[in-house]
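Residue numbers (the numbering used here), protein chains in the order written: chain D, 1 to 101; chain U, 1 to 371.
Read the hints as simulated data drawn from the structure, not as lab findings.
Small disclaimer: the values here were computed from a predicted structure and weren't measured.
Fair warning: there could be bad hints in the mix.
Listed next, the in silico DSSO-like pairs over lysine-lysine satisfying Cα-Cα at most 30 angstroms (straight line) [stated by the list, open to error]: (1) U:K196 to U:K165; (2) U:K200 to D:K78; (3) D:K3 to D:K59; (4) D:K59 to U:K165; (5) U:K173 to D:K59; (6) U:K200 to U:K146; (7) U:K134 to U:K146; (8) D:K59 to U:K134; (9) D:K78 to U:K173.
The primary structure of each chain is shown beneath.
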Amino acid sequence: MSKQIVITLPPVINRSEAEAFVRELHEAEAAPEAVIILDCRRVEYLNSRAVSALVESCKNLSCDRRLRLVEPGDFMLKTLEVVGLLSLLDVYPSLAEAAVQ
Amino acid sequence: MSQTDILYVSSAPENSFLAELSSGECSVRTVTSIDEVKQILARPNLPVMVIDGTPLALEFCDSLKETRPDCLASLIALVSDSRVKARLLENGVNPGLMLSPPFDAATLRSRLSACLDAGRLRMELAAYALDLEKNNDRMSHLLGMKDRFLSLATHDLRTPLTTMKLVGEMIEKQLVESSPPGIKRMLDILARNIAKIEVKVDELLLIARMDMEVSPLELQEINVNEIALDVIKIFFPGAISRGVELDAVFGGVARIQADARCLDQLMCELIASSLERLDTGDHVEVRISTEGEGVRISVTDDGPPMREGQAEQLMEGLLNESPTRQTRVSLYTAHVIAQRHGGRLEITSSESKGTTFSVWMPQQAATGESA
């Protein structure tokens, strides 16, 4: 079974929180073969830098390594849709389901 | 089916008089009960009405005055008794014609003919009014379709376009030297055509913006934070492609009475005004906060500050309603929308605090415009 890395996102991701999130995401990308799970259950707002990091991550990861999102809220879902990212990510209704496989 | 030209309202209609009225070109219908009176008054168009001094006729007159005062001109009162005339006048019923006995057939017909013409004219006018109303409804429907189309074109059309652009970039990134050369050329064609459609979408956005300045306000209770979240995400693709960081800060519950579409547009204009000044690595913050009896929406960026006096010049141009070249379309639109709600636009710029475009909006819109 592949290694799994879970990143838990805070409720609001503005400048300072985005910095930490981008760093964590880059570290996770660097881990070969690891499944990256983003726990979005508490997210109310994430800024453009955090979204940009997700876009870059999608471009960088190979086709068989798609980011897994857990319970993104309405704002996050709509934002990902607007930037054209929603169809390029896997969305799960719970952390347990994202962790299976 | 023959049309009823005359209504004769009476508790006890006189047969000889009826025969006299019916002998001409017109047809007569007698109304002898209160139920019939109610039915008549509910009609969109009323013909010429003849009344006498009977109780039902007088009751009909009172109801007509209350519910259809515009139709009193088509009323002919056969006043056989001065008390009846006095009662009508005391109650404010001014018939188009009052005739005293003897009710000479020739005179009555000639007067009746004038009344009938007036009645027909009124019916024609009513038909025109109905047509006009239908056309207005159709026009409103078409305007609604136009609004929905603009909304679809400016928001919904942009989303799949962005996905197409992103996927194109992803494919380009995955290309290797051994990839067929035609693929790169096709990706270029795809990117150029997406850019063309984006320009067209922007043009539609401009039409939507012009509409905001003139269409009537539809005021409602609005959560400003929710609108802000809706608007901010629209700017993410632009902010990401320019490398600009877009933050949002919400200072508690912010509710105001406003037109939702206008408020949406206002925020778009403020953010667009800020973003167009910025470059890679710059930062912009959208902040919603309560202030006094209203809400402040401010957009602050750390891009290059305006030169000394430029912010004041810009504001002066907006307030004088004489937009100059320096007064950008976005800010002018924001100013007009704020002003229509009784709010105000402010612009400040300094090296230390950055540039802020902000609008204060009252909790209760003071528009002076009817919804």
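Results of checking the hints against the structure:
For the suggested pair K196 of chain U and K165 of chain U, the alpha carbons sit about 12 angstroms apart, so the restraint of at most 30 angstroms is met. With a C-alpha separation of about 23 angstroms, the suggested pair K200 of chain U and K78 of chain D falls inside the 30 angstroms cut-off, and the hint holds. As the CA atoms of K3 of chain D and K59 of chain D are separated by approximately 21 angstroms, the hinted pair is consistent with the 30 angstroms bound. At most 30 angstroms may separate the alpha-carbon atoms for a hinted pair to count; K59 of chain D and K165 of chain U meet this at roughly 12 angstroms.
A threshold of 30 angstroms between alpha carbons decides the hint, and for K173 of chain U with K59 of chain D the separation of about 7 angstroms falls inside it, so the pair holds. Distance hint between K200 of chain U and K146 of chain U is fulfilled; the C-alpha atoms sit about 16 angstroms from each other, no more than 30 angstroms. With a CA separation close to 18 angstroms, the supplied pair K134 of chain U and K146 of chain U stays within the 30 angstroms bound. Our distance criterion of 30 angstroms between C-alpha atoms is broken by K59 of chain D and K134 of chain U, whose separation comes to about 55 angstroms.
Taking the CA atoms of K78 of chain D and K173 of chain U, the gap is near 26 angstroms; set against the 30 angstroms cutoff, the hint holds.
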